[in-house]
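Going down the list, the protein sequences come from chains R and E.
First residue of the first sequence: 1056, per this note's numbering; consecutive thereafter.
First residue of the second sequence: 25, per this note's numbering; consecutive thereafter.
Any given hint could be a false lead.
To be verified - Facing chain R, according to a computed beta carbon distance under 8 Å, are these residues of chain E, among others:
| # | residue |
| --- | --- |
| 1 | Met42 |
| 2 | Lys49 |
| 3 | Phe97 |
Hints listed in this document are in silico derivations from the structure and should not be mistaken for laboratory results.
Note that CB positions come from ideal geometry on N, CA and C, so glycine has one too.
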Amino acid sequence: MQSYEIAFECPLPLGLHARPASLVSETAARFAATTILIKEPDGSSADAKSVLALIALEVRRGDRCVLRIAGEDAAAAHAALRALVLKTLPQADAPLPPPPAAMQVPRALRIPGVTWRAGTPASPGIGQGIVVLLGGPVLPAHIPGPAISRSEEERRARGGLAAVRAALAARLQARPDALEAGILAAQLAMARDTALESRILARVESGSSAAQAVADTGTYFAARFRAAESALVRERAVDIEDVCAQMLEAIQGSPLAAAAPAALPAAAIVVAGTLAPRQLLALDRQHLCGLVLEHAGTTSHAVILARSFGIPTLTGVADARACVRAGGEAIVDADAGLLICNLVPEARRHYDRRRWALARRHERLTQSAQRPAVTRDGRPLEVAASVSTREEIGVAFAHGADGIGLFRTEMLFMDRDSPPSEDEQAAIYAEAARLAAGRTVIIRTLDVGGDKPLSYLGLPPEKNPFLGIRGVRLYPAHRDLVAAQLRAILRASSAGRVWMLLPMVSHLEEVRWVKEQIGAAQRELQAAGVAFAAEMPLGVMLEVPAAALLVDQLSDEVGFFSIGTNDLAQYLFAADRGDDRLAGVSDVRHPAFLRLLVRVVRDVHARGRWVGLCGEMARSRRDLPLLLGLGLDEISAAAPEIPAIKAAVAGHSAAACAALLAQATACKSAAEVEALQAAFHPAGPARALVDPELVVLESDSATKEEVIAEIANGFFAAERCDDPQAVEEAVWAREAVYATGLGHGFAVPHCRTDAVTADSIGVVRLAQPIPWQSLDEEPVRCVILLAIRASDAEEVHLRILALLARRLMHAEFRERLLGAPDREAVLQCLHAELGLVDAPS
Amino acid sequence: VKIVAVTACATGIAHTYMAAEQLQKTARALGHEIKIETQGSMGIENELSPQDIREADVALFAVDISVEQSERFRGKRIVQVPVHEAIKNPKAVFEKLRS
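Excised from the complex, chain R in its bound form:
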């Protein structure tokens, strides 16, 4: 019998964690030879066929190891394992998870008594409520009932193992989506693991009941994993517990104590290690105000569900369960990435104000979104919605969409065994047209391919689906499917303004082919006496660079274009946008991409055609000036983004945006473009220096930090700044020079910052005077905050502020401000003394 050894140093930055360990164990298991991994530093060893044993060995980067292989097929095993260990393993590691987003605890909460934890925002919003702790799968420490007999307990243990393996395999057979399949496969590998089985059977051998042996084994491996240095190994602890819990349920024939509570309090913050999708679905969503998970990435199933329900969610909050108290109150600030673990009055006040400001701003934005978006210098831009379902259409128009810029029809074709019928499609498209009430609905024909396969099309797997048979390329092989959709869209065109958009076009001939099919569909409808619009505009998506370079010729065939930035960038730079290692290679801010856009828009408009843009770039506030500079006719983004985009358009000047774009296309890298963008701070629409909304008569702020935050928050609510923390920081930077308490109970904190979009004065009178390191060391009763734009403050505003500063030196003026009975009186006092002419807005 031959034996071999492979000596190596562990090359993996995170050590031999679950995924590489499973590569080793799967390879070893293909051979009869015994394979032992020895960790040289401490001489410990593990059966290399057992992924659990390998993980529990805790091999770290740089550890010297030996694989010892012996048995009849040892030569073949040696060859396979040698290739794996020396070639595959060094590349087996996933890139390190990105660091959590930049996070800052509000200054007002940097006080003793407030405990907080940072997390990764996974679904935005702020939730406040009673903490409910949810356990993952719970393995009992002691299971009542002695072992019946060794043989009976062994029979039960083997039965439990078999049952769980069969159940997991059956769920995998049921074709779950890729994410769930990955989780199930990992759990199945654990259930089949030899170390798991031999440890359970050894416990039974030494007298335990089968149930106790399973519980002990699960607890043993989970404890080993939790003690590991690698986060990836620690996260597997929940999986082994879940597998053993399922085994226990199979042996006992009854479910374990429910992990979900029977009922949630009226407003609940659920804090858990991890959460299975079924656990989340079991919770009463009416009462669920926030979700905090210690583990789980932003793409785990439970998190995806939480996002679709609009539940503020944080993940990766280490030790969350240890720092909150069940039954206590907590706040999930998923905008800032913060869990506030306890509710001191300052925290309650801070978030009450924050929620008020968000609601107020939302109300303002939604109101103004009902009007068309026009730049300050009078250039209109249609802001339309991209949707995938008919339910989103009503939502889109409620948010002020000027039309539906992209109706992706794929969703209608997915998750079913046969395509939707022509009638079914026609009803949905016609309803969309009716809901649009005269506004345009751009319906994109089916865009599927190897990356989004439909089971009933029987598409063969492709080596590289993004470069394969996608979109319009698929149509000639599926004529009936295409004809039905074309007829359905044509029928809907009689119900409103419907335009038809073709995906993935790269050749003129593809458009001509579809036009022939449209002609045939029109003749069929005519023959059947079915109504349709004679002149329905046809357009093409510009997502393949070839099509973008053919705009002049395509203009002879079609009436409009829609730029799909995600795919166009991916194809222009030849970089897979789903691959993290290529992040930054495909970049919509790269001058090469911007130059292509400039060319496309110029060519389209030279031919008198219409061009819109959809994709991630359309929702980016930072990229909006570039898009305005392009002179697009429309941009299309998700419905909830529309009010903020429209408000932002109103703050820009098209001329300044065109100048910015010209500079950007001359840059040499995306980083240079980003530097330009960072220095571009347009003023918002012209606003009065002060308005009633910015006056607070009796504030309950208790500290300087709170007052400054209160005023910045007020600016945010009034759409005078987008980032109140940036205003606060500018004020604090000034405050660091020396405190702005004037004496006589007044303070005038101030700053010059482009974080405000309009010069603004905030006035707050305090119910209780607060310390301010004033010149006369008296506490402050009235705070007047002056925020002036750094780059283009209005001369007239500077004059008024200078006058205000002078007036504050006079006792009569101060007394009038303190004594004014209401907001209007405060404003009148300012108006009278300062000669303000602009009326409160």
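With chain R's structure known, arrange chain E on it following the hints.
Just chain E now, kept in the frame of chain R:
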């Protein structure tokens, strides 16, 4: 006493003008003659002329930053205080001018 003064603070929004107002008010009460130039967010205002400076007994700088065009005051006796001194305790500032 006949005084020329310059006020200037870090941001030029508030304290420049507060100090000017406070000095003006106090000078009137004390019976001094004063002309105050502000160097703030709107640039130089109420600019001191060579004649103003020539005729003054003393120059007062209530500033936190360097004075622009300070060469105008060459050869003049200059008393400099931080801006907040002029706001907090203007009488003491005028006391300093005497010595």
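Where does the structure disagree with the numbered hints, that is, which hint numbers, in rising order?
3
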